[in-house]
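Chemist: Residue strings, one per chain:
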Amino acid sequence: MEGVSYQRFPKVKIRELKDDYAKFELRDTDASMANALRRVMIAEVPTIAIDLVEIEVNSSVLNDEFIAHRLGLIPLTSERAMSMRFSRDCDACDGDGQCEFCSVEFHLRAKCMTDQTLDVTSKDLYSSDHTVVPVDFTDSAGYDSSEQRGIIIVKLRRGQELRLRAIARKGIGKDHAKWSPAATVTFMYEPEIHINEDMMETLTLEEKQSFVESSPTRVFDIDPNTQQVVVVDPEAYTYDDEVLKKAEAMGKPGLVEIYAKEDSFIFTVESTGAIKASQLVLNAIEVLKQKLDAVRLSEDTVEADDQFGELGAHMRGG
Amino acid sequence: MMIRLLTMSRMRIFEVLRLLVLGCNSLAFVKGLTTLTQYKIEKLTSLDGIHTFQDFVRGGLIEYLDVNEQNNALIALYEGEATSETTHIEIEPFTILGVCAGLIPYPHHNQSPRNTYQCAMGKQAMGSIAYNQFSRMDSVLYLLLYPQRPLLTTRTIELVGYDKLGAGQNATVAVMSYSGYDIEDAIVMNKSSLDRGFGRCIVMKSYTAIYQKNYENGTSDRVLRPQRTGPGSERMQILDDDGLAAPGEIIKPNDIYINKESPIHTTGQRVPADGQQDIGYKPAKQTFKGPEGESCVVDRVAFCSDKSENLCIKFIIRHTRRPEVGDKFSSRHGQKGVCGTIIQQEDFPFSETGICPDLIMNPHGFPSRMTIGKMIELLGGKAGVSCGRFYYGSAFGEASGHADRVEAISETLVKRGFSYNGKDFLYSGITGCPLQAYIFMGPIYYQKLKHMVRFSSHYSSGPRVMLTRQPTEGRAGNGGLRVGEMERDCLISYGASLLIFERLMISSDPFEVQVCRKCGLLGYFSHMLKRGICSSCSNGDNISMIKLPYACKLLFQKRASFENPFYLNEFMDTFDW
Ligand SMILES: [Zn+2]
Ligand SMILES: [Zn+2]
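Protein chains in written order, with UniProt numbering: chain U, 1 to 318; chain L, 1 to 577.
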């Protein structure tokens with residue numbers, strides 16, 4: 001049975017790439033694909049986060065659960081997460097934290113001995129595995145490293161003490177947001193802006209100026225030389241329709257026409273630092289593939305063809 | 001106590017009022033405004049130490065007016081509005097309101113009952129109660145884990161210190177419909193926000209144990225070192241060697257928190273001090289009866305003595321809770337609503353800048369409530385976060401600059417790349433397609449109210465009243481809730497009358513009675529003859545057995561006891577005997 005092929009070949013163009021930030025274009029695909037990628041990045045790319053806290057001494061002002069919650073939200077470097085096992089699937093251990101396949105142990109010991117308030121931060125967490133450590137923000141962000149001391153957990157005054165053992169495990173954002181590697185993952189449809197030049201020429205300079213200013217974001221500008229309205233940044237357009245309303249109010253409907261290109265998306269990905277933004281995208285694609293494997297039918301099942309008909313052929317890439 | 005002398009010259013009345021509680025005092029400038037030079041006003045407003053506020057009160061330039069005096073005064077809101085008739089000028093209009101109403105941003109834009117509701121609700125909001133909150137031994141204490149300062153503040157908030165001890169959190173709210181779990185003021189919450197600590201609270205409850213020292217016969221209670229092995233020891237895991245629960249231990253329902261024993265005999269002949277060991281003791285352990293499946297922690301144990309000089313041991317048991325479906329939330333505009341559902345972040349709508357709301361509120365909450373103040377709060381909050389300052393919404397504050405105007409807020413929004421009307425272009429998190437409408441989205445200060453479903457849900461298989469065999473009344477005594485006539489009518493009108501029969505009779509309290517078909521009165525079952533007997537006919541020839549609720553049988557007997565019985569044979573045609 002020969003089905004029609006719906007296969008498309010999406011293209012990715014990277015615009016900007018930093019450790020914790022990525023901006024790229026995704027073309028020749030549709031919203032379902034773009035959204036699947038976004039959803040997987042938020043909820044299903046695994047990372048490592050503290051999941052179990054055993055408190056030995058805690059005389060701080062915050063109670064045990066409070067501190068455990070704060071510890072859980074500290075991002076840990078998770079390059080290893082993809083190859084690690086989920087604690088519940090691990091057959092090498094009983095989840096006691098001693099297992100190298102599924103857990104990483106942390107220790108924290110802090111006691112304030114002076115009259116100055118002691119800040120206990122993520123830097124005070126000692127890991128049993130040098131590949132899984134609290135994310136260090138000092139180098140990449142360009143802050144003064146002497147000042148920036150990691151994520152604050154609790155503050156201690158003289159005599160107060162905090163001693164604990166914590167176990168970090170692999171998990172996904174769907175179970176708890178602490179395992180989500182994404183700070184921000186969002187996309188927009190690429191806008192296509194056409195200026196009706198003939199109509200624009202009929203406007204006076206003031207009218208052009210007020211037209212340009214009607215957009216809350218800087219999409220248009222006036223060329224200082226030619227005094228023509230030009231599109232400076234189409235992606236700054238937030239689909240707010242303000243310029244369209246303005247054109248209508250000026251009695252010039254159709255002065256500009258703005259469409260959303262339904263097959264190109266501009267992605268913005270910010271990572272928590274657990275994994276690099278680029279790796280986040282790649283891992284998301286990997287996870288998405290694994291999910292598709294689960295629904296893909298094997299090549300030779302005849303019953304499947306009877307059951308799913310054309311859909312089966314389609315899924316086999318026919 | 002305070003005595004007020006009131007003269008009303010126009011009516012030639014002189015009143016002496018004795019006020020037990022201070023009346024509602026309002027501050028106002030006296031009429032002698034002409035004598036109050038600009039210099040003096042400056043001195044007052046700067047409070048430079050030369051003139052204090054009290055100097056002006058003593059000098060008669062400022063007067064405290066109570067409600068009765070206000071009836072006889074003509075008060076102008078602003079200096080410019082004063083005429084020759086005016087007796088007083090308000091120092092600042094927002095001082096008309098007290099603490100509760102002072103927390104509401106833009107209250108003068110709301111329908112007045114909404115402000116009234118908020119005044120009642122603000123007291124139920126969880127937050128920080130005082131700087132010594134962790135040293136107190138309240139019987140119940142609700143605290144918020146991460147209380148915040150409202151983004152949209154008022155001058156009153158600063159004056160009363162609500163910005164330091166807040167009772168809520170700034171939530172990014174999208175006003176839109178989502179999922180159908182948002183009807184009737186329910187709100188849809190973002191699971192990731194809850195994971196990150198939104199609306200988390202600590203509930204601390206105090207449990208008391210009394211260590212009775214001096215019984216009538218000179219004996220006293222004793223607290224024993226717990227058994228570490230053997231039967232019953234598993235319930236004593238959290239006890240220290242002193243027999244008291246140790247702070248920091250996780251306590252489960254049925255765990256013992258004090259291993260106490262009381263003497264069997266507490267009265268009678270005095271037991272000498274050296275004979276105390278020989279007397280018999282009975283266990284008087286106290287067990288924790290918290291809700292099943294919740295992990296509570298012993299926070300603190302405190303000792304004190306009560307009024308009769310007995311040692312009193314207080315256990316503070318703490319429980320950290322995250323919001324769940326049914327928990328009550330409210331903005332500062334009398335708009336309470338329960339959490340209808342909790343939805344994953346990836347399913348939530350998002351903007352192209354990556355903003356994803358913390359909660360979704362249904363727009364139907366607005367038209368009938370007319371809480372315009374809430375809308376302005378959203379706009380102002382959004383402008384506030386985008387430009388990094390706190391916006392103000394004091395009551396009647398636009399004229400005096402204590403409230404930001406919508407025009408100014410909109411200007412800031414446009415400057416920061418938002419639409420002037422506070423609406424955003426959002427994408428559906430489920431499909432990835434743009435939503436059909438622009439969504440009004442921004443931060444609103446939300447309070448978590450003290451009613452939580454876990455404590456409100458109630459079922460009973462508890463005690464019954466002996467006479468009626470009905471459950472006892474009230475939740476406190478673990479009693480039942482009444483299914484009254486109106487509730488019954490709901491079921492009938494729905495067409496579920498068989499359900500009533502099943503619930504109120506079969507599964508409730510069925511009772512078998514013997515009825516005489518001839519005289520229609522209740523008989524009895526004779527165990528000797530193994531059959532029913534009618535006492536009025538003195539035979540058992542026409543006896544039938546029927547089932548009815550016990551309370552119904554009680555009613556028949558009561559009626560019969562005042563010589564006005566039901567004759568059940570009248571219903572013989574209606575029912576199949
Ligand atoms: Zn393992
Ligand atoms: Zn009879």
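Quick caveat, the hints were computed from the structure, so don't treat them as lab data. A hint or two may mislead.
[As the list claims (entries may be wrong)] Restraint-style ranges between C-beta atoms, simulated for each label pair:
no., chain 1, residue 1, chain 2, residue 2, range
1, L, Asp138, U, Lys289, 24 to 30 angstroms
2, L, Gly495, U, Lys289, 48 to 54 angstroms
3, U, Leu292, L, Thr341, 26 to 32 angstroms
4, L, Thr341, U, Lys245, 31 to 37 angstroms
5, L, Glu411, U, Asp198, 42 to 48 angstroms
6, L, Arg389, U, Lys289, 45 to 51 angstroms
7, U, Glu248, L, Asn72, 31 to 37 angstroms
8, L, His364, U, Gln209, 50 to 56 angstroms
9, U, Asp223, L, Ser128, 42 to 48 angstroms
10, L, His364, U, Thr131, 35 to 41 angstroms
[Unchecked claim] Below are the DSS-like pairs computed for lysine-lysine, each with C-alpha atoms no more than 25 angstroms apart in a straight line:
no., chain 1, residue 1, chain 2, residue 2
11, U, Lys276, U, Lys174
12, U, Lys261, U, Lys246
13, L, Lys336, L, Lys415
14, L, Lys423, U, Lys246
15, L, Lys328, U, Lys261
16, U, Lys245, L, Lys423
17, L, Lys213, U, Lys208
18, U, Lys23, U, Lys155
19, U, Lys155, U, Lys111
20, U, Lys13, U, Lys245
21, U, Lys155, L, Lys164
22, L, Lys328, L, Lys213
23, U, Lys123, U, Lys155
24, U, Lys11, U, Lys261
25, L, Lys518, L, Lys530
26, U, Lys208, U, Lys246
27, U, Lys245, L, Lys415
28, U, Lys208, U, Lys245
29, L, Lys415, U, Lys246
30, U, Lys23, U, Lys289
31, U, Lys11, U, Lys23
Glycine is no exception: its CB is placed at the ideal position from the N, C-alpha and C atoms.
Chemist: Now look at each hint and say whether the structure bears it out.
Modeler: Cross-check of the supplied hints:
no., hint, result
1, L:Asp138 with U:Lys289: 24 to 30 angstroms, "55 angstroms, violated"
2, L:Gly495 with U:Lys289: 48 to 54 angstroms, "53 angstroms, holds"
3, U:Leu292 with L:Thr341: 26 to 32 angstroms, "29 angstroms, holds"
4, L:Thr341 with U:Lys245: 31 to 37 angstroms, "36 angstroms, holds"
5, L:Glu411 with U:Asp198: 42 to 48 angstroms, "34 angstroms, violated"
6, L:Arg389 with U:Lys289: 45 to 51 angstroms, "47 angstroms, holds"
7, U:Glu248 with L:Asn72: 31 to 37 angstroms, "58 angstroms, violated"
8, L:His364 with U:Gln209: 50 to 56 angstroms, "41 angstroms, violated"
9, U:Asp223 with L:Ser128: 42 to 48 angstroms, "57 angstroms, violated"
10, L:His364 with U:Thr131: 35 to 41 angstroms, "52 angstroms, violated"
11, U:Lys276 with U:Lys174, "20 angstroms, holds"
12, U:Lys261 with U:Lys246, "23 angstroms, holds"
13, L:Lys336 with L:Lys415, "33 angstroms, violated"
14, L:Lys423 with U:Lys246, "17 angstroms, holds"
15, L:Lys328 with U:Lys261, "43 angstroms, violated"
16, U:Lys245 with L:Lys423, "15 angstroms, holds"
17, L:Lys213 with U:Lys208, "91 angstroms, violated"
18, U:Lys23 with U:Lys155, "37 angstroms, violated"
19, U:Lys155 with U:Lys111, "10 angstroms, holds"
20, U:Lys13 with U:Lys245, "33 angstroms, violated"
21, U:Lys155 with L:Lys164, "18 angstroms, holds"
22, L:Lys328 with L:Lys213, "45 angstroms, violated"
23, U:Lys123 with U:Lys155, "13 angstroms, holds"
24, U:Lys11 with U:Lys261, "15 angstroms, holds"
25, L:Lys518 with L:Lys530, "20 angstroms, holds"
26, U:Lys208 with U:Lys246, "11 angstroms, holds"
27, U:Lys245 with L:Lys415, "18 angstroms, holds"
28, U:Lys208 with U:Lys245, "14 angstroms, holds"
29, L:Lys415 with U:Lys246, "17 angstroms, holds"
30, U:Lys23 with U:Lys289, "22 angstroms, holds"
31, U:Lys11 with U:Lys23, "14 angstroms, holds"
Hints 1, 5, 7, 8, 9, 10, 13, 15, 17, 18, 20 and 22 from the list above are not met by this structure, while the remaining hints are.
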